[in-house]
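Letter by letter, the chains look like this.
Protein chains: 2
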Amino acid sequence: MEQINIGLFGFGTVGQGVYKVIDNAKNAHAVISRIAVRNLAKTRDTAAPQELFTDKATDILDNPEINLIVEVIDDPEASYEIVKQALRKGIPVVSGNKAMIARHLPELIELQRQYDTALLYDASSCGSIPVIRNLEEYYDNDLLLEVKGILNGSSNYILSRVFDHNQPYAEALRKAQELGFAESDPSFDIEGYDSLFKLIIITVHALGVYVAPSDVFTYGISTIHESDIRYAREKGVKIKLVAQVVKVSDEKFTMFLMPEFVPPSRYIYSVDDEYNGVVIRGECYDRQFMFGKGAGSLPTASSILSDIMARRHDYRYEYKKMRYVDRPEYSTDVPVRVYVRYCETDIPGILPFAEIREQYLSAESNYVIGDIKLCDLKRHRDLLSAPDVFIASLPTFFVERDNQ
Amino acid sequence: MEQINIGLFGFGTVGQGVYKVIDNAKNAHAVISRIAVRNLAKTRDTAAPQELFTDKATDILDNPEINLIVEVIDDPEASYEIVKQALRKGIPVVSGNKAMIARHLPELIELQRQYDTALLYDASSCGSIPVIRNLEEYYDNDLLLEVKGILNGSSNYILSRVFDHNQPYAEALRKAQELGFAESDPSFDIEGYDSLFKLIIITVHALGVYVAPSDVFTYGISTIHESDIRYAREKGVKIKLVAQVVKVSDEKFTMFLMPEFVPPSRYIYSVDDEYNGVVIRGECYDRQFMFGKGAGSLPTASSILSDIMARRHDYRYEYKKMRYVDRPEYSTDVPVRVYVRYCETDIPGILPFAEIREQYLSAESNYVIGDIKLCDLKRHRDLLSAPDVFIASLPTFFVERDNQ
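Here the protein sequences line up with chains V and B, keeping their order.
The first sequence begins at 4 in this note's numbering and counts up by one.
The second sequence begins at 4 in this note's numbering and counts up by one.
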């Protein structure tokens with residue numbers, strides 16, 4: 004059995020996890036041959052032999068003994084350059100960089116084809132939960148109707164603190180940062196972009212269609228207010244930041260990322276703290292639910308180990324659903340039912356609701372519940388960024404459609 | 004893309020589901036070429052062209068156009084004969100027959116190797132939940148510590164009726180039979196054998212070790228009594244029929260199948276009705292949970308379709324963990340903590356408890372809670388079959404060990 008000699012890019016939280024996990028995996032026949040880092044002088048928690056480290060990418064890319072690259076650096080642009088160079092040299096890559104992959108996937112797929120090599124990235128979506136692999140291999144396109152889930156541990160941790168532990172939002176955010184769940188600039192998690200990138204990748208493997216991140220309506224939880232939390236509590240629901248891709252007909256699907264009022268009957272209601280949970284709905288098997296730790300050093304590293312082991316059998320994503328003739332088309336011409344809370348901004352006057360179903364006015368804040376097309380929400384995205392505005396979807400709407 | 008021409012054995016509940024699902028799967032490039040049934044005259048709910056049907060196995064096995072066999076007949080012995088013949092002819096087989104596979108897996112693995120063909124059976128364990136495929140491909144041996152779950156929908160449905168809907172056991176069993184969840188002879192489900200067979204198959208793919216069904220302590224729910232249910236209610240737990248395989252050290256694992264008192268903090272506590280749920284515990288990723296419909300015509304058929312599609316890419320199980328040099332060894336020399344309820348049978352006098360921790364005596368019934376080795380339970384299996392006896396494990400024991 005040929006040994007896998009790994010060139011590791013990055014030795015942060017995930018990189019150190021990868022080092023530990025591979026060191027522990029006796030049957031993997033894999034070793035870390037070199038580790039490329041930006042700053043050789045930096046001290047790190049995990050001890051690794053000094054001679055493994057280099058600050059030159061070429062020490063890995065031009066090393067003929069290295070037959071697999073694991074790339075877990077933070078910077079998406081640097082990651083993009085390394086992955087491109089590696090693929091062009093025919094070296095297979097395992098990566099966890101969701102931002103880089105979500106932005107460049109069409110080109111990365113083409114590079115894999117052109118240079119007959121593989122890029123695996125199961126770790127990029129939901130850490131240790133094998134979502135990508137299962138969508139690619141197990142859930143057949145014709146039967147798949149919906150993938151919906153909580154894909155970001157940090158924002159979910161914050162919402163859990165608020166809903167299950169009655170903490171104020173600001174305090175919950177601070178606590179998440181203390182625990183290392185949220186970055187010091189938490190906007191990537193809190194504004195939904197981390198979840199969005201995962202949703203983009205999931206959609207390629209679920210329906211065989213790539214949609215650019217900028218084409219998807221994305222709304223985070225940064226403007227959530229005490230009145231939204233009170234409203235949710237009164238209704239007996241929790242607010243969760245939910246990513247979803249849904250087939251709305253045989254020919255059309257839509258996707259979006261926004262907070263949702265989740266009732267206790269839904270599986271994702273009990274996905275709390277830093278956990279991730281994904282519901283896969285199919286024509287035949289109804290709903291399936293996968294649940295686990297979506298992030299963190301060792302969970303992510305164990306997912307990367309699975310990708311490394313898959314390379315032992317020359318596994319690569321076939322992207323077979325991308326070749327299906329009757330792939331559904333992405334559309335935002337799809338109505339959703341939303342709750343929009345506002346104060347000064349004239350939401351009912353500006354947003355083109357197809358129908359307004361409820362309206363509440365008070366001295367403190369107002370809200371409206373109505374049906375509106377996703378394309379109209381996208382068109383007015385700037386308006387919704389006002390600090391006095393918060394929007395969340397009501398799952399009821401899709402439920403009613405299910406029952407038709 | 005070559006068309007898959009399927010020879011289908013069996014046209015019962017699952018066979019008809021397979022027919023419908025394939026008929027619907029536009030991108031599968033698969034057709035049912037022939038259907039072998041025992042009785043041509045029998046009327047069936049699903050309409051299929053009369054010319055497809057035959058009552059001669061050779062019409063499929065000797066048909067050169069058929070390049071895949073799907074075997075979903077009820078009778079494990081007949082299924083065994085068909086699968087053996089097909090593999091010997093080099094025809095790949097997809098099967099859902101857990102009893103047949105659990106009993107004959109070592110021989111079936113050898114036949115696949117010898118005749119360079121494949122047998123896929125993801126449908127045999129937990130219907131539409133892709134447990135086998137994930138254990139085989141995703142969860143690396145070194146990191147896997149435990150697989151534990153509710154693998155049988157019928158017995159779980161009955162226990163759910165009892166615990167969530169306050170129905171008497173006999174009434175719940177009758178209701179399950181009415182709904183078609185339990186066979187007219189329900190012992191396969193109720194006595195735990197259906198779950199046992201799935202556990203045997205899961206263990207091969209989880210740890211690379213085959214254990215014969217007769218070597219595993221197996222205890223069902225047929226002797227459950229009002230006093231056991233009352234006891235569980237008082238403690239705030241539910242009784243579930245749980246299958247588990249657990250590494251107890253680096254060198255040793257154990258497995259068993261028996262009712263367990265499950266507290267609300269456990270994922271499987273909320274696996275109700277006819278659903279299945281599996282918890283996979285690893286060193287790095289802690290616990291992951293997969294949940295879905297474990298049985299039924301269409302969920303099982305969709306799993307079979309996934310196996311059919313996998314054959315398009317020549318997928319086969321590699322059984323790679325079976326070749327690992329440091330596979331753990333199966334042992335029943337492992338203590339478990341159990342509750343044993345009894346009336347006339349002298350349980351404390353006969354069972355060799357290492358330690359008795361609680362004992363309760365009353366006019367109506369008695370129970371003892373103590374630690375005992377699995378091999379001792381196995382040795383006294385007949386005693387435990389007495390109608391006045393019921394045994395259930397307490398998960399606390401393994402929890403304490405986890406924390407050591």
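Source of the hints: derived by calculation from the structure; they are not laboratory data.
Incorrect hints may have been included.
Partial chain B-side listing against chain V, Cβ under 8 Å, derived [stated by the list, open to error]:
#1 Asn30
#2 Val34
#3 Cys287
#4 Pro302
#5 His316
#6 Asp329
#7 Pro331
#8 Tyr333
C-beta atoms are modelled at their ideal positions from N, C-alpha and C, and glycine is treated no differently.
Now for the hints, and whether the structure bears them out:
1. The criterion of a C-beta within 8 Å of any C-beta in chain V is met by asparagine 30(B), whose closest approach is roughly 5 Å, and the hint holds.
2. Hint status for valine 34(B): violated, given a least beta-carbon distance of 14 Å to chain V, over 8 Å.
3. Interface hint status for cysteine 287(B): upheld, as the beta-carbon distance to the closest one in chain V is roughly 4 Å, under 8 Å.
4. Using the Cβ-Cβ criterion of 8 Å, the hint placing proline 302(B) at the interface with chain V is satisfied: the shortest such distance is roughly 4 Å.
5. About 7 Å separates the beta-carbon of histidine 316(B) from the nearest beta-carbon of chain V, less than 8 Å, and the hint is met.
6. At about 6 Å, the closest approach between the beta carbon of aspartate 329(B) and any beta carbon in chain V falls short of 8 Å, and the interface hint on this residue holds.
7. Hint status for proline 331(B) relative to chain V: violated, with the closest Cβ pair at about 12 Å, above 8 Å.
8. Checking tyrosine 333(B) against chain V: minimum C-beta separation of about 18 Å lies over 8 Å; hint violated.
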